[in-house]
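Please build the complete structure, drawing on both the sequences and the hints.
From first to last, the protein sequence lines are chains H and C. The numbering of the first sequence is the numbering used here, which starts it at 4 and goes up by one. The numbering of the second sequence is the numbering used here, which starts it at 155 and goes up by one.
Simulated from the structure, these hints should not be mistaken for laboratory data. Each residue gets a CB set at the ideal place from its N, CA and C atoms; glycine is no exception. Fair warning: there could be bad hints in the mix.
[What the hints assert, rightly or not] Here are the simulated lysine-lysine pairs, DSS-like style, with alpha carbons at most 30 Å apart: (1) Lys542/C with Lys221/H; (2) Lys508/C with Lys63/H; (3) Lys508/C with Lys222/H.
[To be verified] Among chain C residues calculated to face chain H with C-beta under 7 Å, some are: (4) Ile186; (5) Asp193; (6) Tyr196; (7) Asp363.
The primary structure of each chain is shown beneath.
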Amino acid sequence: MKFTGTDTYVATPDLMIAVNAAVTLQRPLLIKGEPGTGKTVLAHEVARAMNKDLLEWHIKSTTKAQQGLYEYDAVSRLRDSQLGDEKVHDIKNYINKGKLWEAFTADESPILLIDEVDKADIEFPNDLLQELDRMEFNVYETGETIKAVNRPLVIITSNNEKDLPDAFLRRCFFHYIKFPDKETMIDIINVHFPDIQNILVREALNLFYDVRDVPGLKKKPSTSELLDWLKLLMVEDMPADVLKSRDPKKLIPPLHGALLKNEQDVHMLERLAFMNRRENR
Amino acid sequence: MFTNFFLNLRDHGVPVSLREYLTLMEGMQAGIANHSLEDFYYLSRATLVKNESNLDKFDQVFGHCFKGLEAPEGQDLTSEIPEDWLRKMAEKFLSPEEMAKIEAMGDWDKLMETLKKRLEEQDSRHQGGSKWIGTAGTSPFGAYGYNPEGVRIGQKESRHRRAVKVWDKREFRNLDDNVELGTRNIKVALKRLRNFARQGAAEELDLDDTIRSTAKQGYLDIKMVPERHNAIKVLIFFDIGGSMDPHIKLCEELFSAARSEFKHMEYFYFHNCLYEGVWQDNSRRHQNRLSTYDILHKYPHDYKVIFVGDASMSPYEIVYPGGSVEHWNEESGEVWMKRVLDVYQSAIWLNPTKESHWDYTHSISLMRELMDDRMYPLTIGGMEQAMKELSRKK
Numbered sequence: 004m005k006f007t008g009t010d011t012y013v014a015t016p017d018l019m020i021a022v023n024a025a026v027t028l029q030r031p032l033l034i035k036g037e038p039g040t041g042k043t044v045l046a047h048e049v050a051r052a053m054n055k056d057l058l059e060w061h062i063k064s065t066t067k068a069q070q071g072l073y074e075y076d077a078v079s080r081l082r083d084s085q086l087g088d089e090k091v092h093d094i095k096n097y098i099n100k101g102k103l104w105e106a107f108t109a110d111e112s113p114i115l116l117i118d119e120v121d122k123a124d125i126e127f128p129n130d131l132l133q134e135l136d137r138m139e140f141n142v143y144e145t146g147e148t149i150k151a152v153n154r155p156l157v158i159i160t161s162n163n164e165k166d167l168p169d170a171f172l173r174r175c176f177f178h179y180i181k182f183p184d185k186e187t188m189i190d191i192i193n194v195h196f197p198d199i200q201n202i203l204v205r206e207a208l209n210l211f212y213d214v215r216d217v218p219g220l221k222k223k224p225s226t227s228e229l230l231d232w233l234k235l236l237m238v239e240d241m242p243a244d245v246l247k248s249r250d251p252k253k254l255i256p257p258l259h260g261a262l263l264k265n266e267q268d269v270h271m272l273e274r275l276a277f278m279n280r281r282e283n284r
Numbered sequence: 155m156f157t158n159f160f161l162n163l164r165d166h167g168v169p170v171s172l173r174e175y176l177t178l179m180e181g182m183q184a185g186i187a188n189h190s191l192e193d194f195y196y197l198s199r200a201t202l203v204k205n206e207s208n209l210d211k212f213d214q215v216f217g218h219c220f221k222g223l224e225a226p227e228g229q230d231l232t233s234e235i236p237e238d239w240l241r242k243m244a245e246k247f248l249s250p251e252e253m254a255k256i257e258a259m260g261d262w263d264k265l266m267e268t269l270k271k272r273l274e275e276q277d278s279r280h281q282g283g284s285k286w287i288g289t290a291g292t293s294p295f296g297a298y299g300y301n302p303e304g305v306r307i308g309q310k311e312s313r314h315r316r317a318v319k320v321w322d323k324r325e326f327r328n329l330d331d332n333v334e335l336g337t338r339n340i341k342v343a344l345k346r347l348r349n350f351a352r353q354g355a356a357e358e359l360d361l362d363d364t365i366r367s368t369a370k371q372g373y374l375d376i377k378m379v380p381e382r383h384n385a386i387k388v389l390i391f392f393d394i395g396g397s398m399d400p401h402i403k404l405c406e407e408l409f410s411a412a413r414s415e416f417k418h419m420e421y422f423y424f425h426n427c428l429y430e431g432v433w434q435d436n437s438r439r440h441q442n443r444l445s446t447y448d449i450l451h452k453y454p455h456d457y458k459v460i461f462v463g464d465a466s467m468s469p470y471e472i473v474y475p476g477g478s479v480e481h482w483n484e485e486s487g488e489v490w491m492k493r494v495l496d497v498y499q500s501a502i503w504l505n506p507t508k509e510s511h512w513d514y515t516h517s518i519s520l521m522r523e524l525m526d527d528r529m530y531p532l533t534i535g536g537m538e539q540a541m542k543e544l545s546r547k548k
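In structure tokens form, the structure reads like this:
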């Protein structure tokens, strides 16, 4: 089964190849890219297109690899033993399944999203090497081996906050989502807002790329911010010529709050616009 | 099968391993690439490249190895483009007769071959002239030109045209870690700095884990975790004035962005070479000088020292007393550099000039010798090496 994008997700040809390669060869797919270019959404859309269940494992700085396999709740077992609970004799009662366990034992092969793997400790990916490679692991407390019935498709996203170990990278397919060009962007917008006026899109995009080109912005607006902004423009029923008119009184784009998330960036844009106005005079 | 390509990648510093190569073969066998060169490019890129900084190198090697392989069976790309191109040219300037003439003399392959060579030679914007690709020239390549044989580049792109030779576009050029620091990759550099700042922290008691493992073991089992904040202390010396100014601004931004990550960070400025005095406020450099001795005495030896400067000056400024261009220095710059390096074991020099030019400037070699070779270019790659050097335990 081939992934070719969905009615709500525009996939570039290189992304399609990467996804299909990962599906066919049953290897994990590592996705990197600027924040807001649709890394996490990809997993959702692949799951939808292929009609599979999606298991999400969101990684935090405190997440341990073991938590993805299983956790042995020793503390409640100790408590139960002091209260004389019958449960205490079977250790299985205190083993909580993790996401990988769930994915391995699911009836139909699901899609497992390991989101923002770089948030975790630097050793985290190394601890999962064998588990992702062979798709099996041991439960030491009970001595059983959990083996994947159907190998799940593993999609891993990273924001590049930490380098991932080479041994881990060798086992993955890699795709870098680069920021879409104007045409792809129009496709993306059409997918999300089919009834938006063409002129509005064009003017908004021009403005958007202008803002992205401003040097030294702390956080450049990305696809998801553009989509939010367009939604706002539509809700406000903003006519296209408002965007076009370089009205000196309105120095920066209307509803800029959706695009710029940082007050320094807003100040900077205002300053630049002000300087620009003086030059034009 | 593609052993040559594989070896070439290794030669050009893309870290590919046998395992990835076998995966690629497996993928080919499974028919993912579907016998089209473009799909093969995407597949091999997803298999062999694992870091966006290597994408550009990969594109270059790919273009080099598979040159002349474009347009496999069933897809007549070469005829599609000139037609498209001619049509667009015609819209702009040409009469039908002229169009026919061009078609007659247009040796497409040769044109493309030359174009590619030019692209390899040229990497900056160009305007005018008769050889380079740029705007408003008479060269056959470029935009808005007068040569009827010209290939238009970057002027108008049809979105329905197939992306021929995607790798030749080299879209990932500014992710390469050998390019100079710029606004795009400053973020990546910052991450390197942060990684550096997070190392070497002390440990504290992890209460949750201690309770859990005590319950599990049946005896008191104390667990420690690394402390969350950073212990790295840094002194930065900037060479200011003249050619260094644009670089300094960039570096200051970079380091102040990373400031919160360091436990302690101090800036100092000097001019060309370090002497007996430095200053912290460039507008009052002559009034508020700090004695370098004071700095050596004030900050203990576990501080890490970073010099940022082009080290390009007359050798006298380093070697002889009185060599400074600004004032009379009793002792030579060399002596002062040695003093600083004696106190601070961990020190590096970041140099914004291109590494390939270092050997041509005598003062750079001198300074590099003084620094025991710990001079690194101001690129992401250089930054990484420099931080590695700084975090080495002495």
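Against the structure, the hints come out as follows:
Between the alpha carbons of Lys542/C and Lys221/H the distance comes to roughly 26 Å, so the proposed pair stays at or under 30 Å and holds. A C-alpha spacing of about 39 Å is found between Lys508/C and Lys63/H, which places the hinted pair above 30 Å, so the restraint is violated. About 29 Å separates the Cα atoms of Lys508/C and Lys222/H, which keeps this hinted pair within 30 Å; it holds. With a least beta-carbon distance of about 5 Å to chain H, the hint placing Ile186/C at the interface is held under the 7 Å criterion.
The beta carbon of Asp193/C is positioned within 7 Å of a beta carbon in chain H (closest approach about 6 Å), and the interface hint is therefore held. With a least beta-carbon distance of about 4 Å to chain H, the hint placing Tyr196/C at the interface is held under the 7 Å criterion. Hint status for Asp363/C: violated, given a least beta-carbon distance of 10 Å to chain H, over 7 Å.
The structure does not agree with the numbered hints 2, 7 stated previously, though it agrees with the rest.
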